[in-house]
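Protein chains: 2
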Amino acid sequence: MQETGQTPPARPHTGRRRNEAAHQAILDAALHLLADSDGTPVTIDAIARTAGVGKQTVYRWWPSKGAVLLDALTDRADQDVPGPDTGTLRTDLRTFVATTFDAAQHSTTASALRTVAREAARDPHLAELMRTFTATRRTALRDLLSRGRERGELADDADLDLIVDQVYGVFWYRFLLGHAPLDTATAERLADSLVTGNTAD
Amino acid sequence: MQETGQTPPARPHTGRRRNEAAHQAILDAALHLLADSDGTPVTIDAIARTAGVGKQTVYRWWPSKGAVLLDALTDRADQDVPGPDTGTLRTDLRTFVATTFDAAQHSTTASALRTVAREAARDPHLAELMRTFTATRRTALRDLLSRGRERGELADDADLDLIVDQVYGVFWYRFLLGHAPLDTATAERLADSLVTGNTAD
DNA sequence: GCTTGACAAGACTATCAGTCTCGACAACCA
DNA sequence: TGGTTGTCGAGACTGATAGTCTTGTCAAGC
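Listed in order, the protein sequences are those of chains A and B.
Taking the numbering used here, the leading residue of the first sequence gets 1, the next gets one more, and so forth.
Taking the numbering used here, the leading residue of the second sequence gets 1, the next gets one more, and so forth.
Please note that a few of the clues may not be correct.
Copies of the same chain look alike in the list, so a pair counts if it fits in one copy or across any two.
[As the list claims (entries may be wrong)] With a Cα cut of at most 25 Å, we get these calculated SDA-like pairs of lysine to any residue:
(1) K65 - A25
(2) K65 - A21
(3) K65 - A117
(4) K65 - P41
(5) K65 - S37
(6) K65 - A140
(7) K65 - A127
(8) K65 - T199
(9) K65 - L160
Please keep in mind that the hints were generated in silico from the structure rather than gathered at the bench.
Could you put together the complete structure from these sequences and hints?
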């Protein structure tokens, strides 16, 4: 979890200490509301009320609603980005894509992710945080592809960034539009066609 | 342009007639504001004021802000979805993808599309209209692929819907996140890898 | 000229993010 | 023990904005 609140003051700390229970209660409340929301917006008032906390306590530690939401999501959601390394690109890629797709099937994660994505459309601050969030995942996938290319399993001039975006593009497009499934069979078809479409010969 | 307002009453029409000038002025104003907005929300008040019209006149003919925005966009934006048919899949696909990507380079269309996409994240009504909007384009691309498959340029068991979603997935993902370009070179690389990755042999 | 529906203007309601204020309270220090 | 400081819960307040309602006016047709 990245701490998005203010950095501590330079002077030695005096005064009352931060209430960790309240801190956790806020994240818990946000996550619960996100999980139950299924896309409908989650309000700060609701988070504060559910956590039994004043609004000011929320804003003392997070700069915006979006920051709270993303923090709640990344605090609990599977933080570890998959990084399989079996020595075979096709297998690694299949696993990576299938794992990514599978995360969207769990309704708790899914509705939280959906809500955060929707809020990000309006909240520039959250959009920035989301860019970091997605960049981490893109990098992990790119490294996986890079290893495969070094083994000669991809053409030397294959456009790795484009392949990455084909994976995450399909993922977000189907996830947000919801017109087609994100199942394992699809994941494997996608992985296979990407390997075949970018080999050397 | 689809008419999103109420259906006319069954009784013969009496009273004052609809002011077509005002109708057009609203769409013009919405389009101008969308084009200038570059992602920032466009308000109904601004549309009405710019059009020199009362808010009620807007709501008499459109059910929500989103409906006005999408109507303005589809009214003027390139309505004709590209449907090249040269007899060669690779060429057709390259043209289709390049044309699609290119539309996002024109700042007027781009900021309008971006704003509508952002509004759609919050407005379920607009989200539904957007689904129709995108479905039209997906169908056109799928037909193009289907023709290629019948000519044997794609494997019989190629997953056309997945190929379609790779194109539009990359498009929207890069368009909304803005982390990588949507240029012609990228379009052609994408088209080529999709053909190669889904051929029969 | 009467009825009816469209019109511009704008007041009004409701929602929600984010700020501000207040009195209480806890940690540390002299 | 009492003063200083920062955190706490509570909630009033501001500002933005979608959407509704009201009012007085105007045009089309009977």
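Hints, one by one, checked against the model:
1. K65 - A25: Cα proximity of K65 and A25: one copy only (15 Å, versus 37 Å across).
2. K65 - A21: Cα proximity of K65 and A21: one copy only (19 Å, versus 42 Å across).
3. K65 - A117: both (13 Å within a copy, 21 Å between copies)
4. K65 - P41: both (11 Å within a copy, 18 Å between copies)
5. K65 - S37: Close inside one copy (15 Å) and across copies (23 Å); limit 25 Å.
6. K65 - A140: Cα proximity of K65 and A140: none, with 28 Å in one copy and 40 Å across.
7. K65 - A127: both (12 Å within a copy, 23 Å between copies)
8. K65 - T199: neither (45 Å within a copy, 48 Å between copies)
9. K65 - L160: neither (35 Å within a copy, 40 Å between copies)
Hint check: violations occur at hints 6, 8 and 9; the rest are consistent with the structure.
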